[in-house]
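Peer 1: Here are the chains, one letter per residue:
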Amino acid sequence: MSAARPVTWRGWLLTETPSSRRQAAWGRRYRMWLAFSSNPVAMLGLVLTVLLFLCAAAAPLLATHDPAAQDLANRLAKPTAAHWFGTDELGRDVYSRVMYGSRVTLGMVLAVVLTAGPVGLAIGCMAGYFGGWADRVLMRVTDIFLAFPRLILALAFVAAIRPGITSTVAAIALTAWPPIARLARAETLTIRNTDYIAAMRLTGAGPFRIILRHVAPLCLDSLIVRVTLDMSAIILTAAALGFLGMGVQPPSPEWGAMVATARRFILEQWWVPTIPGLAIFVAALAFNLLGDGVRDVLDPKQR
Amino acid sequence: MLVEIDNLSIAFPTPTGLSHAVRGVSLRIGAQKLGIVGESGSGKSLTARSLLRLLPESAKLTADRLTFDGIDILRANERTMRDIRGKRAGLILQDPKYALNPVMTAGDQIAEAWRAHKKGSRREAMQKAVDLLDQVRIRDPARVARAYPHELSGGMGQRVMIAMMLAPDPEMLIADEPTSALDATVQADILRLIEDLVSRRGMALVLISHDLPLVSHFCDDVVVMYAGRIVERLRAADLSRAEHPYTRGLLNCLPALSRPQPSLPVMVRDPAWLA
Amino acid sequence: MSRSGWVRSLGATSSSVLVTLFGLILITFLIGRVMPIDPVIAIVGDHAPPDVIERVRVELALDRPLPVQFWIYVRNLLHGDLGRSVMTSNTVLADIGHFFPATMELATVAILGATLVGVPLGVLAAVRQGHRIDHIVRVVCLTGQSVPIFLLGLLALLVFYATLGWAPGTGRQDVIYQGDVAPMTGLLTVDALIAGNWDALWDALAHLVLPASVLAYFSMAYITRMTRSFMLEALHGEYIITARAKGLSPLRVIWRHAFGNIAVRLVTVLALTYAGLLEGAVVTETIFSWPGLGQYLTVSLLNADMNAVLGATLIIGMTYLALNLGADLLYRLLDPRAQ
Amino acid sequence: MIDVENLSVRFRDIEAVKSVSFRVPHGGSLGIVGESGSGKSTILRALAGLNADWTGRMAVDGVPLVPRRDRAFFRRVQMVFQDPYGSLHPRQTVDQALSEPLAVHGIPDGEARVRRALDEVALPGTIRFRYPHQLSGGQRQRVAIARALMTEPEVLLLDEPTSALDVSVQAEILNLLADLQRRRDLTSIMVSHNLAVVAHLCPTIAVMQLGEIVEMLSTDDLRAGRTTHPHTTALRALSVELQES
Chain A
1 MSAARPVTWR
11 GWLLTETPSS
21 RRQAAWGRRY
31 RMWLAFSSNP
41 VAMLGLVLTV
51 LLFLCAAAAP
61 LLATHDPAAQ
71 DLANRLAKPT
81 AAHWFGTDEL
91 GRDVYSRVMY
101 GSRVTLGMVL
111 AVVLTAGPVG
121 LAIGCMAGYF
131 GGWADRVLMR
141 VTDIFLAFPR
151 LILALAFVAA
161 IRPGITSTVA
171 AIALTAWPPI
181 ARLARAETLT
191 IRNTDYIAAM
201 RLTGAGPFRI
211 ILRHVAPLCL
221 DSLIVRVTLD
231 MSAIILTAAA
241 LGFLGMGVQP
251 PSPEWGAMVA
261 TARRFILEQW
271 WVPTIPGLAI
281 FVAALAFNLL
291 GDGVRDVLDP
301 KQR
Chain B
1 MLVEIDNLSI
11 AFPTPTGLSH
21 AVRGVSLRIG
31 AQKLGIVGES
41 GSGKSLTARS
51 LLRLLPESAK
61 LTADRLTFDG
71 IDILRANERT
81 MRDIRGKRAG
91 LILQDPKYAL
101 NPVMTAGDQI
111 AEAWRAHKKG
121 SRREAMQKAV
131 DLLDQVRIRD
141 PARVARAYPH
151 ELSGGMGQRV
161 MIAMMLAPDP
171 EMLIADEPTS
181 ALDATVQADI
191 LRLIEDLVSR
201 RGMALVLISH
211 DLPLVSHFCD
221 DVVVMYAGRI
231 VERLRAADLS
241 RAEHPYTRGL
251 LNCLPALSRP
261 QPSLPVMVRD
271 PAWLA
Chain C
1 MSRSGWVRSL
11 GATSSSVLVT
21 LFGLILITFL
31 IGRVMPIDPV
41 IAIVGDHAPP
51 DVIERVRVEL
61 ALDRPLPVQF
71 WIYVRNLLHG
81 DLGRSVMTSN
91 TVLADIGHFF
101 PATMELATVA
111 ILGATLVGVP
121 LGVLAAVRQG
131 HRIDHIVRVV
141 CLTGQSVPIF
151 LLGLLALLVF
161 YATLGWAPGT
171 GRQDVIYQGD
181 VAPMTGLLTV
191 DALIAGNWDA
201 LWDALAHLVL
211 PASVLAYFSM
221 AYITRMTRSF
231 MLEALHGEYI
241 ITARAKGLSP
251 LRVIWRHAFG
261 NIAVRLVTVL
271 ALTYAGLLEG
281 AVVTETIFSW
291 PGLGQYLTVS
301 LLNADMNAVL
311 GATLIIGMTY
321 LALNLGADLL
331 YRLLDPRAQ
Chain D
1 MIDVENLSVR
11 FRDIEAVKSV
21 SFRVPHGGSL
31 GIVGESGSGK
41 STILRALAGL
51 NADWTGRMAV
61 DGVPLVPRRD
71 RAFFRRVQMV
81 FQDPYGSLHP
91 RQTVDQALSE
101 PLAVHGIPDG
111 EARVRRALDE
121 VALPGTIRFR
131 YPHQLSGGQR
141 QRVAIARALM
151 TEPEVLLLDE
161 PTSALDVSVQ
171 AEILNLLADL
181 QRRRDLTSIM
191 VSHNLAVVAH
201 LCPTIAVMQL
211 GEIVEMLSTD
221 DLRAGRTTHP
231 HTTALRALSV
241 ELQES
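First to last, the protein sequences are chains A, B, C and D. Heads up, the first sequence is in my numbering, so the first residue is 1 and it goes up one at a time. Heads up, the second sequence is in my numbering, so the first residue is 1 and it goes up one at a time. Heads up, the third sequence is in my numbering, so the first residue is 1 and it goes up one at a time. Heads up, the fourth sequence is in my numbering, so the first residue is 1 and it goes up one at a time.
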């Protein structure tokens, strides 16, 4: 019985006696997926996130109109068969603009995460592992950035360069890395003093090898949770910047800016500002649900 | 009999079904000193804690009979249980570092235990707390009463814990590995203190430990548990005449100062022990 | 820790706060210098003659090297000089003194509401972990952390003001009460209370309800989540088993023992949340035309009034820092383990 | 093989180890006994290079030790920790844990060495690709011992290697250690709070109290009760009274 090779994929993945590194690694991933997929909150988040990315990828196919095409004769129309979500103050199709808007939002989120995430992780791990002066200097710098509320620093920063998609991304990234670095440092500090890291040092491995191969992968778990939850905060900050007129500029179909330009119609044509607002809500909720679910899977004691 | 247990089982739900931690344990405890011995995962702690119904929420508890002085613990409501907990049976946990509330002074924690079951003023309770600290042979009870747990050594913390559990004058004391977090010299002091207090007050003692020789030194009777079952019950004095191979194995595999051995006998676990 | 150790760690904290403060000032200064707007043109206008431009440039010390400019900036700051706002032509400090109380009033009411609802909700969710109430609280929180404040504000106005007519409209008070109450603290409710003007007090409170609720929702979600996770950790402590073994009532176990252990940490969270409300205030004030610091900041931004923007940013940063420091001190005072 | 002279270690305001001296001959084995806070583990960590804040003189095989050790040092000196649940990286399989020292030192033939190491500590090959949480406490400690032996060290430092284990598992691990010591001609230092455990493995015993070695004696003297320091006498009495009644 033990000698027979398990026939099914499931059996191969779930075996208690894997016979290769690859099998062990995939088995672990599969178990995590099983835990994840049995969590309805996480799955709802995942489905919403995937849908969001699909919208962004297939916006040209899904859109029914040109998002920039104006039709001044048909301004502020109610939702109809032709215009599913109605039209805005310039007669543009709101549905198509919302679809294209997902590209802007997700693009910004990814750009921020891909810059702030690795930077924060690297700084946090190094500060935590080396301690001493390196730690003091690096943490003082993050403290300075953390001393501003996020939106305020982003606003001041955008004001210094000029509003636009690049400056929005740069401003948010500038405010996004310090909390990540803080978290990575805190994790590193607890990991650093464990016996298994002591054992790694006793193999003669250098500090960079230990950080890269042993410390960083363990920080990654709580970091993934944090970054996923942070993505919703990034969406909200980007939208707030857009809403205040300091983010992505019209006519680009950024959701926050769409709400801002249509806000004066809230009492008469309430759907015009509400629909892009709901789009922001759904996108932020998707990442919050996903992050919450991932936390349950990766870090059960944090529930 | 103070405690009567028939066919007690405790199980926990896992993804692959129920996992039984205690299976079919039957036990009578009177006004005596009983030791429950077993290795980690043998179910000794769960068995004792079920008497106070202080199990994790997910635990599934079943028994044909589980009574404390005639009170049916399985069916008792929360109010009745609270009259047993503390008032009639105290519980001492392993490590005072974690078992004492870190933001309350030692005196407050003892006074609280007293006030929960006796009627009296705050001042009276505090006086009682200092008295109790004196009874557990703390040299400067008034000072220790004002101290926070992190300011106390392990041995002092455990004395505070004992004082707290003695406060409402219970009939029974359950000590769950009360000394395994302590140094050997302190360990002996604490165990002698417990033994002394229990004998003087005529209380029942349930001493849970992984250390068979230690338990038999302080108890009248010893129950040996393995994988959720009782494999043997015997008088502590008859330990050398233990019959079950598991009990014998536990005794033999210990290195001893008095006799040098080239190698230690290794326990060979017989699947039949599980039956 | 001994008394001298306590003093030493206090010294370390205050020196690190000073370094942070210095960094704060440096960042605002640098942002001001890389601005694409020429501050001279902003003051004298596009069509000023070259000699006037040159004179103002020298007056503002803009011809000097950057470190010297920074030194002048810091020196002015120490004298409470944040420059003059082009838009209002008042000093920025006077402007902030005028607008800040409105923001504080809004944020304080919001944090009170958020705490009173959020903390019990978080405790409840932790105690009933995995039960239906826990899931409901979770959904309420996740929604609160996902909804953009401006959407919530707009919808609140649409429903409670325009449709139901329950709430008064935007602003801090009705026109008829304006100037009724002599400003003492700048907090309208407190001023009305001091003056004994009940109608004005009622009016001020009515105007506060909607923006404060909108602002409070997001913070409440955060406070609830943090309370829940702290409580779960505390409830798994061994000392909870001890407390239950003593025969204490469940309420006493939960509030005296579990909550007692997280209370101090929660104060830190509340301080941070309060500071975070300053951020939410920027958007909320825009929606509700609330004449506070947030609105001052955004209007200055749109008018490229740089002194005002930097001044407001710096003041908010310093408030944030002060709250952090306060929370830290409170923690040292209240937690027996920290001493 | 190991020479320690006037070793002192400080943690901020506390002197954890106060001017301790001892030597262990080649192939010898020293036991250090003491209660918590006596400084016994601190000596091992300083010797292993995990704590650089020490003063005094230490040498291994005549080579003086400096605070920063080079890679060659770690080939010769290895350590086993107390808590088998904490000394294995939670995200690495047994295979990865055992291969890591080989990779660091560039030792070839990893596949065969890992298999031989598992064999040596009597672990079945089936556990090779398991994660630590899938192993029992005893199995974990065997993996930790195997890892320490991967670079074929001459010195093995043992920090309470059995105190987190059940007594029946303790016996197995003690037998394994005794066996390895004999077969590999290892020089070792073992730290424990349990007098009987140390006496079982080591012919010489140092008794520590409050950072100092208060007595150094042979195991035979200890067994026979020929102790001089009151602390040693007390520890011995407790061990005999509580454990062998």
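Mixed in with the good hints there might be a few duds.
Which chain D residues face chain B? A few, computed with CB under 10 Å, are given here [to be verified]:
id : residue
1  : R45
2  : A103
3  : G106
4  : G137
5  : S168
6  : L201
7  : M216
8  : T219
9  : D220
Hints in this document: simulated from the structure, not taken from any laboratory. We put the CB at the ideal spot given by N, CA and C, even for glycine.
Peer 1: If you test the structure against every hint from before, which numbers come out violated?
Peer 2: 1, 2, 3, 7
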